[in-house]
Structure formats: C-alpha cells, structure tokens
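**Q** The primary structure of each chain is shown beneath.
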Amino acid sequence: MVVLLKGSNKDLPVAVWFILPSFIGFAIFTGIPILVALVLSFYDWNLLNTPKFVGFENYDTLFRSDPIFMKVLWNTLYFVLGSVPLSIIIALFIAVLLNQKLKAIAFLRAGYFLPVISSIVAASLVWKWIFNPDFGIINDFLRMIGISNPPKWITSTAWAMPSIIIVAIWKNLGYNMVIFLAGLQDIPKDLYEAGEIDGANKRQLFWHITLPLLRPTTFFITIISIIGSFQVFGQALVMTEGGPGISTNTIVFYIYQNAFVFFKMGYASASAWVLFFIVLFFTAIQSKIGKRRGAL
Amino acid sequence: MIQMGKSVSSNWIKGLSYLILFSGLWIMILPFLWMISSSFKTLEQVNEIPIRWIPTEFHFENYLEVFRVIPMAKFMGNTVFVSFIVTVVTLMICAMAAYAFARLEFRGRDALFFCYLATMMVPDQVTMIPNFIMMKYFGWIDSYYALTIPKFFSAFGVFMLRQFFLTIPRELEEAATIDGCSRARTFWSVVLPLAKPALVTLGIFTFLGEWNSFLWPLIVTNNVDLQTIQVGLRTFQGEFGTQWNLLMAGTVIAELPIIALYIFAQKYIIAGIATSGIKG
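Just so you know, the sequences run in chain order R and U. Residue numbers for the first sequence follow the numbering used here, so the first one is 1 and each next one is one higher. Residue numbers for the second sequence follow the numbering used here, so the first one is 1 and each next one is one higher.
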C-alpha cells in the first residue's frame, strides 16, 4: 500500500475532475453496499423491525439448520456440473468444425450465437412451451419416434433441473464457441503441417496439437462458465419459479426469495456472501493457475 | 484448419461437417422459429399436435392485440430510454475515469484502481440487497432513477477502457499538449476519437446488457408504467399465462431490436468476446 502511494502527484488537480463522477458513484453503489452487505449479514432485519444484531446466527442457520439451503446448494452444484462440461465439449466440437475452410461460416456462426444475445426471459418463455409435457415440441418429437411415455420435464421434480440445464447449454454454447474459435485461430498453421509430415492423422493432430495448445482457452472458459453458472437465476424464476417443490431453487433464486419475497434482508445477505466465497474460490484458482486473458 | 488436397477423404470430412453443423444450427434456431410461428397463430393452433410450423393463416393482428392487452408501448419505451441513457452516461463516466487511471499521475492512483478491480470479483447479488434498501430510502423505487443511476458506474468499463488507452501512443497526446491543448481538450479531441473501437464495443455490450437486464428492474419496479420489457413479459406470462400466441408476439417484438443490433454490430460483438471475454 505504501509503495502504491508513492510517485508524482503533478496531475492531481485535473485527475480529480476526471475521476470524481466515477468515484462517487462507485463508492455509493458498489463500495458502501459491499460493506453494508457484510454488516447486514450479522443482523436480523425485515425492513420494518429495528435491525437486531445476531452475530453469526444467519451463517449458522444456513449451514446447520436450514435443510432448504443444503438442497439449494446441491441444486446449484447439480446445475453447474450438468451444464458446464457439456456446453464446453459441444462448443469445442462445433468450433473445430467451423474452423475449416467452409462456405456459409458467417451464417453458421451467427446462428449458433443467436441464443447468446437473446434475453433469458424470452428464451425461458419459449423453452417453457417447448418443454410442455402435452403440447411441447420435445414430447411431440419423442412420441413421434415411439416413446409413449416421455418425461414431464419442467413439471416433474426429477426432470425440471435437466430442463434448465438444457436451456443453459443452448444459451451459452455460442459464447464458448466464439472464444474457442479465437483460440483455434491463434494456433500456428505450421504445427499442423509439421505434424502431417510426421504422418499424424487428423485425430492425432487434434489430441496432440489442438487440445494442448488450446488449454489456456479451455481453462478460461471453464472458470468463467463455473462462475456464471453458480449465478443462474432467470431460467429458475421464469420457467419453474424454483419448483416443482424446491427442485430448481438455486443460490441466487434463494437470495432473491429471502430478500424480496420474505424480506429477510440479513439472512439473504449471508447467503449472498456464501455465493461470494464460492465465486472467489474459482477466481483465485483462475488467477493462480491460469494466465489472465482479461486484458484487451 | 488443415490444408489438404482435394482428396476424397477431405471432401468426405467437409460433407460430414456440413451435415453436423447444419443439423446443430437447426436445433439452435428451432426455439426462435417456434416463437415466430406461434406469434402468428390463434390460441387453438398453438395447442395443435403435431406442430404446424407454417401457420395455415397468418394472424398479423396478434401484434396489434398484444399492444392492447398489455402496455407494450410503455414497456418498449422504458427499455429504450433506460438502455440508451445508461449506455451514454456509462461511456462518459468510464472513459473519463479510465483516462485518469491510464495517463494522469497522482498519488494513490494504482491503489484506487486496484479497488476497482477487486470489486469486479464481488457478484452483483451481494450489492443488490443494500442497493435495493438504498433505493427505498431515497424514495427511488418505481422511478427511472432506480433503473438508471446505479447502473452508470461499471468497474469493468473503466478497466476495459484503461487497457485500451494504454495502447494509444503517448506521442499523439504530447503533440497536442505542445500545441497548447489542456488535458480535457486532449482527452476530448485526441484520445476519444482514437478509442472509438473500444468505446463502440463497450457501448454495444452495455446496451445489450441493459436491454436484457432482468433481476434489478424486477426488484425496483412494481408499477407497470415503469417496467422494462423483460419484467413486463414475465408479468404478462403470470397474469395471462394461457395466451401463448400473444406472449410470443410480445417476445418477438422484444427480441427484434437486439437481433438487429447484433446483425449490424456482429464484428464488434464477436471481437469483444474473443479478446476480453466480455459478457452482455
């Protein structure tokens, strides 16, 4: 800190004006709220009563006597494990196919990317109907190929989470694909030529050149996918409202529910800090192991 | 990827690639096709099994009906207004701060910048609750203030623009200073024009992010007159959940502007993601 405070101060008078608008807003809407959220997590407050200091009770309840929160954590983990690996593997597969000299590349890429820019509300609404057990496209198709008793999808506790996972894969695929394509284009062409001269076939080239050289990209995508997936919310609210039962109740949905439906502000803040530590854990792995690809 | 002669095996691989890619594409755009197709149907036709992809008759009046049944014009107006204001103000505020972090010398600069970076790790859900409480105390719930002002200050925006400003050669600015330009003047007429690609990229992603923003508008607006399109569609689904044809017409209207933006700004969006991992 002391080292950081050294150096010339010659531009201070003008710098103040450049930074002030950002700094004030940043302090009010990010800096102070972070501190307030921390304090709040030690209080019991429903916006109406006088806030009551309860120490670590909120955290204690979360981990020891709230069976719903355990299920919520498990649901979120299920979602992350279900959606992240598949969306990465499929995206890599599509990116490798697209990275050939093909016609209609721009068209194909745009099509795969379309779900990324579309809103989660719109996507969830459409998929909600696609998963409709009686009239939806999926079960219509499944019956057509002879499955007489297809899953009930979002109306069944067992299939609701897989439904949401499918939507997440569909939505994130294009994003991962674009990053993979950029990574693939950075691999020097002469490595492949050298490999071919040595008599390697396409599969060997993929396993021994493409995949190892793509590792930083894959790592980056994995980490940001995990962090993003732990924050899943839109599908859970619009498609299933956390249900049926609590089968699709995820961490952010639970925070939303506690804060803005039950007005348990302290308890919701404590859950938000649990989410923060999960995210922090993966960010730490990212900055420890991976090279930051964050810079432009 | 791999240069090959026009051998049989290479053609075979290409053919298979096309087959897989186009089958996949079909699955990816199927939801959009269903959305468009249903938006032209009557309610009975939406429920028809098996699904008729091209409606027997096109009910264009659904698109007028949705404006009558829900305050669609209001929703769209709010969304355009909020997205536009947030984009413009965010760009200004971020660019100014980013310039100071990149070029101006003052004590504590790097410490402050580190604070900005550190907050990027904190998920929005942590600050959301105190911000909501603050909106309540300010009396900003159900106002454009709550929808816009807290969104103006993006740490990511400052970070991204700072990185870009660092790549601009100092000589260009020094020349302007020698010609007698003030810092503010140099920033405005030398740095900003050079930073256009970065500003456009940040602008597009801010706009997309605001257009699709859901959780924050959901918690700070109860009044239908102030809701954005995403929240409006969700409310509509709850209240008139059975009118899927109208709901889909509304969804098409909500999606059209961002799809248009995507078509025109594809280059920036793809490059932005590929180089910085930015997410809308």
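Hints are computed from structural coordinates only; laboratory data are not their basis. A virtual CB, placed ideally from N, CA and C, is assigned to each residue, including glycine. A couple of the hints might just be wrong.
Each pair of labels, with its calculated beta carbon distance range [claimed, not checked]: (1) S143/U with K52/R: 52 to 62 Å; (2) E193/R with R170/U: 51 to 61 Å; (3) R68/U with E241/R: 46 to 56 Å; (4) I28/R with A184/U: 47 to 57 Å; (5) F63/R with L64/U: 49 to 59 Å; (6) L35/R with D225/U: 48 to 58 Å; (7) P188/R with G108/U: 36 to 46 Å; (8) G146/R with W53/U: 20 to 30 Å.
**Q** Taking the hints in turn, state whether each one holds.
**A** A quick look at each hint next to the structure:
| no. | hint | result |
| --- | --- | --- |
| 1 | S143/U with K52/R: 52 to 62 Å | 30 Å, violated |
| 2 | E193/R with R170/U: 51 to 61 Å | 41 Å, violated |
| 3 | R68/U with E241/R: 46 to 56 Å | 27 Å, violated |
| 4 | I28/R with A184/U: 47 to 57 Å | 24 Å, violated |
| 5 | F63/R with L64/U: 49 to 59 Å | 54 Å, holds |
| 6 | L35/R with D225/U: 48 to 58 Å | 34 Å, violated |
| 7 | P188/R with G108/U: 36 to 46 Å | 43 Å, holds |
| 8 | G146/R with W53/U: 20 to 30 Å | 21 Å, holds |
Hint violations for this structure: numbers 1, 2, 3, 4, 6, all remaining hints satisfied.
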